[in-house]
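In order, the protein sequences belong to chains Y and G.
So that you can map any letter, position 17 of the first sequence is 17 in our numbering, and since no number is skipped, the others follow by simple counting.
So that you can map any letter, position 27 of the second sequence is 27 in our numbering, and since no number is skipped, the others follow by simple counting.
Do not take every clue at face value.
Given that identical chains are not distinguished, each listed pair holds provided it fits within a single copy or across any two copies.
[Claimed, not checked] Derived lysine to aspartate or glutamate pairs resembling EDC-like cross-links, with alpha carbons at most 20 Å apart: (1) K42 to E136; (2) K42 to E117; (3) K42 to D132; (4) K42 to D133; (5) K42 to E109; (6) K186 to D155; (7) K42 to D128; (8) K186 to D143; (9) K42 to D3; (10) K186 to D128; (11) K186 to D172; (12) K186 to D150; (13) K125 to E63; (14) K186 to D196; (15) K42 to D151.
Calculated from the structure, these hints are not laboratory results.
Owing to the predicted nature of the structure, the values given are computational and were not obtained by experimental measurement.
Protein chains: 2
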Amino acid sequence: MSDLTLYHAGPSPFARKVRVAAIELGTMQRITLVEQHVAPGKENAAYARDTNPLKRIPAMRLEDGCTLLDSGLICTYLNEQANGTLVPAGGDIRWQVLNVLAVADGLTELAVAMRYETAVRPEDKRWDAWSDDQREKIVNALDWLEAHADDIAHDVPDLAGIAIVCALDYLDFRHPAVGWREGRDKLVALHAGFADRESFASTAPGG
Amino acid sequence: MSDLTLYHAGPSPFARKVRVAAIELGTMQRITLVEQHVAPGKENAAYARDTNPLKRIPAMRLEDGCTLLDSGLICTYLNEQANGTLVPAGGDIRWQVLNVLAVADGLTELAVAMRYETAVRPEDKRWDAWSDDQREKIVNALDWLEAHADDIAHDVPDLAGIAIVCALDYLDFRHPAVGWREGRDKLVALHAGFADRESFASTAPGG
Chain Y
1 MSDLTLYHAG
11 PSPFARKVRV
21 AAIELGTMQR
31 ITLVEQHVAP
41 GKENAAYARD
51 TNPLKRIPAM
61 RLEDGCTLLD
71 SGLICTYLNE
81 QANGTLVPAG
91 GDIRWQVLNV
101 LAVADGLTEL
111 AVAMRYETAV
121 RPEDKRWDAW
131 SDDQREKIVN
141 ALDWLEAHAD
151 DIAHDVPDLA
161 GIAIVCALDY
171 LDFRHPAVGW
181 REGRDKLVAL
191 HAGFADRESF
201 ASTAPGG
Chain G
1 MSDLTLYHAG
11 PSPFARKVRV
21 AAIELGTMQR
31 ITLVEQHVAP
41 GKENAAYARD
51 TNPLKRIPAM
61 RLEDGCTLLD
71 SGLICTYLNE
81 QANGTLVPAG
91 GDIRWQVLNV
101 LAVADGLTEL
111 AVAMRYETAV
121 RPEDKRWDAW
131 SDDQREKIVN
141 ALDWLEAHAD
151 DIAHDVPDLA
161 GIAIVCALDY
171 LDFRHPAVGW
181 REGRDKLVAL
191 HAGFADRESF
201 ASTAPGG
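So that you can see chain Y by itself, here it is in the shape it has in the complex:
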């Protein structure tokens, strides 16, 4: 039975995080996917009015008409509905996983913002100091994730692992020049260990 509607786009790393989580939780059959493209300067008046005032994806409409407007919130909702284990319920491990998730999401936000700066913004309006700063933060975040890779599950992905793989694949897709693999053996192993799972393989960006 499909009672949830997920607004998504193939290249979106945040929408992919939700789809991977839903597949891992075994609840994808509850979800109807609706393609929705957003970008700075793109109007999307109907989407803003009827679905998400922030004009972001993903968004997920529940059966009662309430629409959840944040990827982390949607994943938390799906996890609690399924009595899942994507987020540890207590102990130090809870804060470690949620903290790694926050950095992986922060990395993804930086990568999306840099995509807008270097591919969507008119060339004469780009600000090199800003891009340099973003790139430096992306490298910092990758180094931090490498140093904290052991804090999260490696057998079955938790929400932090899902967010990391979605971030890394997005870097391969939009910013291959970042070269995230170099000197980051733990991230390479984590990524390789999860790549063949149906959840990731069936949702790859550009796939």
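Please build the complex by placing chain G on the supplied structure of chain Y, with the hints as guidance.
Below, chain G alone, put in the same frame as chain Y:
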């Protein structure tokens, strides 16, 4: 006993959200405040290396050396440590409050990004279509919050109410031209009802 260190800056709406939450929870005496200023293009190499690779504030160092790197995560940690009620534990109200929180945080992100675009980025690098789009989303988010104001607590603030007031005060501080009060009586009442609480009054931006 002070066992937590919060990196913050007076004007930061996300750092303020944490300080308001800590005061409401009665745990401010556990926290040592450390001023830290960040901005696009500002180097902050030591802060990036030792504290937050994303160079964002707030960040909160715990006694065991772990540093939480996201304002929502820090608030959740403080709330759970204090057995607080800033976030409802279950029921539809849980998703309503977390969803309002997501939109208030999204509004704040838009307002901070617009501040960077219109005050930090060199004038000849500013892109009007981008600012127009941000401003439209800010208005959309305000209208959405007005329509959903009844979903959250009005007697004692929950985390969504805290985030809304921090967002609205930041608009007054940095973007008064947005005119958030106009036609939004419920937000005006919510804001006025909380303004005199010590948590908000003692943390006002520019105060």
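How the hints compare with the structure:
1. For a Cα distance limit of 20 Å, the shortest separation of K42 from E136 across copies, 11 Å, qualifies, whereas the shortest one inside one copy, 28 Å, does not.
2. When the C-alpha separation of K42 and E117 is checked against a cutoff of 20 Å, the pair qualifies both within a copy, at 15 Å, and between copies, at 18 Å.
3. Taking the closest pair of Cα atoms, K42 and D132 come within 20 Å of each other only across two copies (11 Å); inside a single copy the shortest separation is 26 Å, beyond that limit.
4. Taking the shortest Cα distances, K42 and D133 sit within 20 Å of each other only across copies (8 Å), while inside one copy they are farther apart (26 Å).
5. For the identical chains of this complex, K42 and E109 are neighbours both inside a copy (19 Å) and across copies (19 Å), given an alpha-carbon limit of 20 Å.
6. In the homo-oligomer, the alpha carbons of K186 and D155 lie at most 20 Å apart inside one protomer (14 Å), although the nearest pairing across protomers, at 49 Å, exceeds that limit.
7. Taking the shortest alpha-carbon separations for K42 and D128, only the inter-copy value of 13 Å comes in at or below 20 Å, while the best intra-copy value is 24 Å.
8. For the identical chains of this complex, K186 and D143 are intra-copy neighbours only, at 10 Å inside a copy versus 45 Å across copies, given an alpha-carbon limit of 20 Å.
9. Within a single copy, K42 and D3 get their C-alpha atoms no closer than 29 Å, and across copies no closer than 47 Å, so neither meets the 20 Å cut-off.
10. Taking the shortest Cα distances, K186 and D128 never come within 20 Å of each other, neither inside one copy (31 Å) nor across copies (42 Å).
11. Taking identical chains as interchangeable, the C-alpha atoms of K186 and D172 lie at most 20 Å apart only when both belong to the same chain, with a minimum of 17 Å there against 46 Å between chains.
12. Proximity of K186 to D150 under the C-alpha cut-off of 20 Å is restricted to the intra-copy arrangement: shortest distance 8 Å within a copy versus 47 Å between copies.
13. For the homomeric pair K125 and E63, neither the shortest alpha-carbon distance inside one copy (43 Å) nor that between copies (44 Å) is at most 20 Å.
14. Taking the shortest Cα distances, K186 and D196 sit within 20 Å of each other inside one copy (17 Å), while across copies they are farther apart (50 Å).
15. Taking the shortest alpha-carbon separations for K42 and D151, neither the intra-copy value of 39 Å nor the inter-copy value of 30 Å comes in at or below 20 Å.
Of the numbered hints listed earlier, those contradicted by the structure are 9, 10, 13 and 15.
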